[in-house]
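Here the protein sequences come in this chain order: U and R.
For the first sequence, the numbering used here begins at 1 and goes up steadily by one.
For the second sequence, the numbering used here begins at 1 and goes up steadily by one.
Since the hints were made in silico from the structure, they are not lab data.
Quick caveat, the model's predicted, so the values are computed rather than measured.
Backbone N, C-alpha and C define an ideal beta-carbon position, used for all residues, glycine too.
One thing to keep in mind: the hints can contain errors.
[To be verified] Distance condition first, Cα-Cα at most 25 Å in a straight line; then the derived DSS-like pairs of lysine-lysine:
| no. | chain 1 | residue 1 | chain 2 | residue 2 |
| --- | --- | --- | --- | --- |
| 1 | U | K300 | U | K345 |
| 2 | R | K9 | U | K490 |
| 3 | U | K297 | U | K397 |
| 4 | U | K176 | U | K166 |
| 5 | U | K342 | R | K9 |
| 6 | U | K297 | R | K9 |
[Stated by the list, open to error] So the derived list for chain R, only partly shown, Cβ under 10 Å to chain U, looks like this:
| no. | residue |
| --- | --- |
| 7 | D14 |
| 8 | E40 |
| 9 | N42 |
| 10 | S43 |
[Claimed, not checked] Chain U regions said to be covered by chain R (calculated; three or more residues, Cβ under 8 Å):
| no. | stretch |
| --- | --- |
| 11 | 316 to 322 |
| 12 | 338 to 352 |
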Amino acid sequence: MQFTSLSFLLFAALTVLVYYTVGKRVQWWILLGASYVFYFFAGAEYLVFILYTTVVTYVTARLMQSRVDAEDAFVAANRDTMEKSERKAYRAAQKKKRLGILSVGLLLGFGLLAVLKYTAFVLAGVNSLLGFFDAGRLSIPTLLLPLGISFYTFQSMGYLVDVYRKSVRAEQNFFKLALFVSYFPQLIQGPISRFGSLSEQLTARHGFDGLSFRAGLCRVAWGFFKKMVVADTAMIAVKELTARTDEFTGVYVLALILLYSAQIYGDFTGGIDITIGLSEMLGIRLAENFDRPFSSKSTKEYWRRWHMTMGTWFTDYVFYPLSVSNSMQKLSKWSRKHLGEKIGKRLPVYFATIATWFLTGLWHGAGWNFIVWGLLNCLVILVSQELQPLYTRFHQKFPRLVASRGWSAWQMTRTFLLMGLIRSLDCYRDVPKTFRLWGTMLTTFNWGSFFGGGWLSFGFDVWDWAVLLCGVAVICIADRCGRDEPVRQKLARRPVLMCAALCALVIVILLFGAYGIGYDASQFIYNQF
Amino acid sequence: MEQLLAILKNLHPDVDFDAEEDLIGEGILDSLDIVTLITEINSEFDVAIPAEEVVPENFSSAAAIFALIERLDEE
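Just chain U, same shape as in the assembly (with noise of 0.2 Å):
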C-alpha cells in the first residue's frame, strides 16, 4: 500500500474516522489495529520480522528496567551504610551487568537487520576474493528485505539505549510498546522517534483539534505534491541518464545531479510530509526530519538539516559513546604524548567521524556505492575541518566580501553541488563508474550539443521540464513565505483560503502529477533503507 496510492488515501481516511469516533481510551489500540493492517497489506510475511523486534526490545528492556529498579532500591535502603566509594563501585558493578543485557538486545535487534539487508553484499565480497584464488563461489541466498526494517530497527534499538541510560523507563505494556515499534505512518520512511517524545502521544488521548487537523492536512497534500509532481517527474529524466551513462556524459552528468537534487528532494521530504501531516491530523507530534538543507552554507550544516532523526542518531548513540569512550580517551592521550599535542586532540574525533559515516553509508545500503558515499560526506566533513583556519584568516581578511548576499549565494551553491555530487553514487550505483562519469564533466565539453536539443533526448520533453521548474519553483516560493511560520499553519486559520489552496493543489496533482495507466508508480526511495 502506497503512500501515494488511492487505496492508502482510503485506509488513512477510514483511521482517522474511527479514531475520532471511539472512546478516546481506545484511540491507540485504533492505531495498533491500522498499524498491523498498514503492514499486513504492504507483506504478511514481514509481520513475523516486525514482532521479533518489538519482542527483543520489549524483554530486553524490561530485563534492563528490573536491574535499574534493583539497584536504585538497593542503595535507597543501604544510603546510610554505603560509603561514597562503595555506592559508586556498585552501580558501576551493576551497570556493567545492564550492558550485557543491552549487548545481547543490539545483537539479537541489528543481528536481524544485518542477515536480512547484508548476507549477499557479504557472500558477493566473498566470492570476489575466492575467485581470485581460483577457489569456487558461494551460492548467495535471496532473502527478504522487509518494508522499513531499518527505520523501526534503529528507533528499537534507540530505545534499548535509551533504556540502558536511564533515560527513559521500560514500557510494561506490550501493545504500547508494539504501537511505538510499529505505528504506521513512519513506518517505512521514517523520521526515527525517540520513545521519550513520541510513546506518550502515542496513547495519549486525543481530542479533534481543527486548526490542527487542517494543517496536518495541507501538509499531506503538499507532500503529495512534492511527491507526484516534482520527485515523480525528475524521476523519468534520472531513469533516462542513468541507463544511457555511455552517450550522457560531460553537461549531462551535471543535468543528473540537478534533476536527482529534485527527485530526492520531493520524495523524501514529500513523504515525510505525509508522514507528519498524517500524524498531526491524529493530533500526534513527530520530529521534522528537514530543515531547507538546500540552503545550507557548509557540508556540517547540511547534514544538520537534511534527514536530521538519522543524523541526531548516528550522533547520540555512534559518535559520542565512540568518541569519549575509555579506549578512545587512551588512545588520545597516547598518540598526545607520541605524536604531538595537535594530532593526539583530533585522533578520537576522527576516528569515531570516519566510523560513523561508514555505519551510515552501510544504513542506507548493501554497497560499495554507499560505503563510499559516507566515507565521501566524511573526507569533505574533515577537510573543512582541517582548513577552519584558513576560512577564518579569510574571513578576517574580507569582512565585507564575506558579509555580502554573494558570497552566501556562493557558499549555497557550492554545498548544493557539492552534495548533489557526491549523491550522484546513489544513482549510478557503480564507484568506478561514478567516479569516470564525473571525470567527464571536466573532459567532455558537450553544452552546445546539451542546448542544441539534448536536453530533450532523455525522455523529457519540454512540457516536462516546465512542470518540473515550476513545481520546484513553487517548492521554493513557500519555502521562502513559510521562514516565520509554515504556510500551512496560516492557511489553516483561514479555512476558506485553506480549501481554495487545497482544491488547487489537487486539482494540479491530478493534471500534472506522474500517475494512471501506463505508470509504473515508483516507491519511496526510502521504503527499502
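Put chain R on the given structure of chain U with help from the hints.
Showing chain R alone in chain U's frame:
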C-alpha cells in the same frame, strides 16, 4: 573555571564564553567541538564524561559545562 574558559577560547577564539547561554542552540559548539572539548577536559581535569551525559543542557554554557565537570568529579 579559568582553565575551562581557556580550553573553550582555544576552540573558538571569537566567542565570548562568559556571556553565551545557548552554545548548542546557536550552533557555536557542534559534535566535533564537543568531542574535542571532552578529550581536553579528560586530559586537563582528569574527568571522564560518559556518552549519556552528552546532552544539550550540559553543554549549553561554560557554567553548565563546569557544573557537569564538578558533578562528575564529585561522583
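Looking back at the numbered hints, which does the structure fail to meet, lowest number first?
2
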